[in-house]
Amino acid sequence: MTLFILRRLGSAIPVVVGITVISFALVHLVPGDPAKVILYGSNASPEQIALLRQQLGLDQPIWRQYFDFGDNLLHGNLGTSFLTQNSVAFELLSRAPSTLVLTAASMLVAMAVGIPLGLVAGRRPGSILDTVARGVSFVGVAVPYFFLALLLVLVFSVKLHWLSAIDDGTAKSLVLPAVSLGWGYAAILTRLVRGRVIEELRSDYVKSARARGSGEWRVLLRQVLRNSSVPAVTTIGLQFGNILTGAAITEVIFGRAGLGSFLATSITSKNIPVVQGAVVVIGIGYVLINLGVDLVVGAIDPRTRQEAAA
Amino acid sequence: MDHHPLHLPSASRAVSRPMSRRRLLGLGGGLAAGIGLVPMLSACGADDTASSASASAGGGTLTMGINATPDTLDPGATGLALTLLISFALFDPLVYWLPDGNGGSAFHPGLAESWKISPDASVYTFKLRKGVTFHDGTPFNAAAVKATYDHVVDPKTKSKSGLGALGPYKETKILDDYTVQIIFTAPNASFLHQQAAGNFGISSPTALAKYGPVGFGNNPVGTGPFTFQSYQTGNQLTLLKNPKYTWGPPALGTGPAKLDKLIFRIVTDDSGRYNALQSGQLQIAMNLPPNNISAAQKSGKYQQLLVPSIGTPLGMPINVTKPPTDDPLVRQAIMYAVDQDALVKGVLYDVYKPAHNVLTPITPGFSEAAGKSYSYDPAKAAALLDQAGWTAGSGGTRTKNGQKLNLDIILFSGAGMELPAQFVVSELQKVGFSSSTSVQPFATAQASFNSGVHNLGSFGYYGADPYLLNIWVNSNAIQSGFNWSHYKNPAVDQMIAKANATAADATRNSLYQQVGTKLMQDSMYLPLWDVAGAFTLSPKVKNLHQTLNGYLAFHSATLG
Numbered sequence: 001m002t003l004f005i006l007r008r009l010g011s012a013i014p015v016v017v018g019i020t021v022i023s024f025a026l027v028h029l030v031p032g033d034p035a036k037v038i039l040y041g042s043n044a045s046p047e048q049i050a051l052l053r054q055q056l057g058l059d060q061p062i063w064r065q066y067f068d069f070g071d072n073l074l075h076g077n078l079g080t081s082f083l084t085q086n087s088v089a090f091e092l093l094s095r096a097p098s099t100l101v102l103t104a105a106s107m108l109v110a111m112a113v114g115i116p117l118g119l120v121a122g123r124r125p126g127s128i129l130d131t132v133a134r135g136v137s138f139v140g141v142a143v144p145y146f147f148l149a150l151l152l153v154l155v156f157s158v159k160l161h162w163l164s165a166i167d168d169g170t171a172k173s174l175v176l177p178a179v180s181l182g183w184g185y186a187a188i189l190t191r192l193v194r195g196r197v198i199e200e201l202r203s204d205y206v207k208s209a210r211a212r213g214s215g216e217w218r219v220l221l222r223q224v225l226r227n228s229s230v231p232a233v234t235t236i237g238l239q240f241g242n243i244l245t246g247a248a249i250t251e252v253i254f255g256r257a258g259l260g261s262f263l264a265t266s267i268t269s270k271n272i273p274v275v276q277g278a279v280v281v282i283g284i285g286y287v288l289i290n291l292g293v294d295l296v297v298g299a300i301d302p303r304t305r306q307e308a309a310a
Numbered sequence: 001m002d003h004h005p006l007h008l009p010s011a012s013r014a015v016s017r018p019m020s021r022r023r024l025l026g027l028g029g030g031l032a033a034g035i036g037l038v039p040m041l042s043a044c045g046a047d048d049t050a051s052s053a054s055a056s057a058g059g060g061t062l063t064m065g066i067n068a069t070p071d072t073l074d075p076g077a078t079g080l081a082l083t084l085l086i087s088f089a090l091f092d093p094l095v096y097w098l099p100d101g102n103g104g105s106a107f108h109p110g111l112a113e114s115w116k117i118s119p120d121a122s123v124y125t126f127k128l129r130k131g132v133t134f135h136d137g138t139p140f141n142a143a144a145v146k147a148t149y150d151h152v153v154d155p156k157t158k159s160k161s162g163l164g165a166l167g168p169y170k171e172t173k174i175l176d177d178y179t180v181q182i183i184f185t186a187p188n189a190s191f192l193h194q195q196a197a198g199n200f201g202i203s204s205p206t207a208l209a210k211y212g213p214v215g216f217g218n219n220p221v222g223t224g225p226f227t228f229q230s231y232q233t234g235n236q237l238t239l240l241k242n243p244k245y246t247w248g249p250p251a252l253g254t255g256p257a258k259l260d261k262l263i264f265r266i267v268t269d270d271s272g273r274y275n276a277l278q279s280g281q282l283q284i285a286m287n288l289p290p291n292n293i294s295a296a297q298k299s300g301k302y303q304q305l306l307v308p309s310i311g312t313p314l315g316m317p318i319n320v321t322k323p324p325t326d327d328p329l330v331r332q333a334i335m336y337a338v339d340q341d342a343l344v345k346g347v348l349y350d351v352y353k354p355a356h357n358v359l360t361p362i363t364p365g366f367s368e369a370a371g372k373s374y375s376y377d378p379a380k381a382a383a384l385l386d387q388a389g390w391t392a393g394s395g396g397t398r399t400k401n402g403q404k405l406n407l408d409i410i411l412f413s414g415a416g417m418e419l420p421a422q423f424v425v426s427e428l429q430k431v432g433f434s435s436s437t438s439v440q441p442f443a444t445a446q447a448s449f450n451s452g453v454h455n456l457g458s459f460g461y462y463g464a465d466p467y468l469l470n471i472w473v474n475s476n477a478i479q480s481g482f483n484w485s486h487y488k489n490p491a492v493d494q495m496i497a498k499a500n501a502t503a504a505d506a507t508r509n510s511l512y513q514q515v516g517t518k519l520m521q522d523s524m525y526l527p528l529w530d531v532a533g534a535f536t537l538s539p540k541v542k543n544l545h546q547t548l549n550g551y552l553a554f555h556s557a558t559l560g
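Each protein sequence line maps, in turn, to chains A and B.
So the first sequence is numbered by full-length UniProt numbering: it starts at 1 and just counts up by one.
So the second sequence is numbered by full-length UniProt numbering: it starts at 1 and just counts up by one.
So that you can see chain A by itself, here it is in the shape it has in the complex:
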């Protein structure tokens, strides 16, 4: 098991190096001078622009800039934000909790809605409950999350004054962003679980369990749900990257100071150290989540555990 984890982590190194090279190249390929972005409107003479370029290390050749970045990274230093002069690690850390909380809450919404709905829908395909569940998931997949977010704000904040329009640090203000971001994944999960449940209910082991006299719910929860969750868990892991993309927009709409919105504004303002740092951190996060998913799947399904050990 330890060997499995180490091997997976080892294989992550080329992945992380690869994404830093690609993102570094992309952010430099886009024309534009970060020094001028920073100095626009600030009485800056051409001399001052040149001075800032020098202070930011932008006068160095690109390979040298990448090398310095890599060197710092190996020393555990993500660099300094062009804009604030604070360390990139500080900037990312101060925003990470907001994004992690939002991601977790959205996933919770997705699971709390998607799994039970899929289960009841799959148990009796064609029933009224199933029709309702399919309707809900259809809407969830079809309606973009940012549209849903704006709609929810209009109804629950602006009109009814029940919930906050922007983040105020309370759990209550997390409700709208988590629901708007999680709903689409709830819809995907519903469909996934429903399909698996229908399939599993037809399988031999279910028939034999029933034949042994197991209660209907016991069969459903102990056997069917367990077997249906493997693809669901894998999907949740894969959705991590998507959620982060969605978080960027959701964070902007709800005024949340998170990683997603921060990365987006850093890209447009060519805050290169922040972009690089965020890409590294997100890349590592992605690798870790996938590792976690593999471990969870192993726990649920012993067959994959054996493959991993082999």
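Think of the hints as simulated: they come from the structure by calculation, not from any bench.
This structure is a prediction, so every number in the text was calculated from the model and none was measured.
A couple of the hints might just be wrong.
Stated by the list, open to error - The calculated DSS-like cross-link candidates involving lysine-lysine, where the alpha carbons are at most 25 angstroms apart (straight line), are: (1) B:Lys170 <-> B:Lys156; (2) A:Lys159 <-> B:Lys301; (3) B:Lys156 <-> B:Lys146; (4) B:Lys170 <-> B:Lys127; (5) A:Lys172 <-> B:Lys404; (6) B:Lys518 <-> B:Lys488; (7) A:Lys159 <-> B:Lys540; (8) B:Lys298 <-> A:Lys159; (9) B:Lys261 <-> B:Lys127; (10) B:Lys322 <-> B:Lys261; (11) B:Lys498 <-> B:Lys488; (12) B:Lys404 <-> B:Lys372.
Got chain A sorted already, so can you dock chain B onto it with the hints?
Relative to chain A, chain B alone:
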């Protein structure tokens, strides 16, 4: 309240129109530097002018939604105009420069009781106020002034707008504990305006030493009406009332702030700020887009405040080197073809003021005559194009020697210029231009502007002094600066330099007026609307004052 003279007679009307500095600043980051502080107005109800009872009641927490994330809380280091808004609450300048409520402006003693400027504008002597203490208890004196200015020029500070605004700084000389001289290596007539703009809020020398040139940006300590409590990065900045504050200019109110707490909440999304205003989480929303401002006004629930700024109006630099706009006749045709008044009414919901000049009307050196160089006259535009050899053909687009009369338009996103530019395009089509427009992120657009691949670009500038013209018309700023018109005129460069070397206001202003007139004659900039701060606020918010860079001062603000 003691600041009657500054009250606008009918604040609620005066207040009714603004728009978007945010945009300018927002994304790209940019921002303008600005300046000065000033004016004021009672933001609120038209009739509460004399309600000193409600003003003295005080207390409460005022939350204002701002549209960008401050780069630092150190006004000396910042490159973002937004930080200057915060600076007015935390710091005092040596001399305040405030709007007088009648379209003019006046200087008021701040931390300096009096000041003297040498005739060549290179030595500024300040007599300082006694009995002032910083938020950390450090006494204010000449050493603090020196520490503040030396901090701005310290390379470790990596100062952005402050360094540019300071110009040819040589040193600060302490004559005695309460007398300082700020000395420049060359004449610098813009300094009195610049020092009032917010970048040079006097900072605690103890805190500067304790936190270092960069760390001070996370721990600002000044003498202002509010003290720094906390900053949650990218989220909100919380300030507390400074109970000891008694040295503010009477024009902004006497005694300590009335509010207990002042919160700046960062909400970059426009509709997010409007939603939060409606849900009651914000009492003031800054720079909402014109359509939201219009909706807010129609609802009848909010006050609207338009705070004019010193600077260059939002508009489009016209590239004088790339065909077809290298031909002065073509450029003049553009100036005659666009109706700014219709633009403001039709696209900006009448929120902002149309602009016809390279400087806004409250900017010293503004030339009234220059603003009359062109009028909306499509027939004249057509005649000029005829004269330039561009003949009307089939399809509506003019041609010359088989070439179409086409303009390449480049805009940067986030500046609120997309819709107004569409209006401009339709105006130009009417007289026979065709055009292609591309919208780029700020970083990309400015590279395009420097390389000169555009005919029309996008620009706009919040400033502190007409010397700001130097950064965007000087010949040395074409390759890597902000001269996106690619305008090269050594005579204009010299006139601007001469103006900034002239201490006498009248002479200096007349030089800037000549420059403005010349720039308009050369039709190198198509002004569209005046830069101004737009604030949509709950009617409970009262006794706000305006500053000369389109911001607000909260010295005597109350929540009714």
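Hint by hint, here is what the structure shows:
| no. | hint | in the structure |
| --- | --- | --- |
| 1 | B:Lys170 <-> B:Lys156 | holds (17 angstroms) |
| 2 | A:Lys159 <-> B:Lys301 | holds (14 angstroms) |
| 3 | B:Lys156 <-> B:Lys146 | holds (16 angstroms) |
| 4 | B:Lys170 <-> B:Lys127 | holds (19 angstroms) |
| 5 | A:Lys172 <-> B:Lys404 | violated (59 angstroms) |
| 6 | B:Lys518 <-> B:Lys488 | holds (12 angstroms) |
| 7 | A:Lys159 <-> B:Lys540 | holds (20 angstroms) |
| 8 | B:Lys298 <-> A:Lys159 | holds (16 angstroms) |
| 9 | B:Lys261 <-> B:Lys127 | violated (32 angstroms) |
| 10 | B:Lys322 <-> B:Lys261 | violated (53 angstroms) |
| 11 | B:Lys498 <-> B:Lys488 | holds (17 angstroms) |
| 12 | B:Lys404 <-> B:Lys372 | violated (30 angstroms) |
Of the numbered hints given earlier, the model fails hints 5, 9, 10, 12; all others are met.
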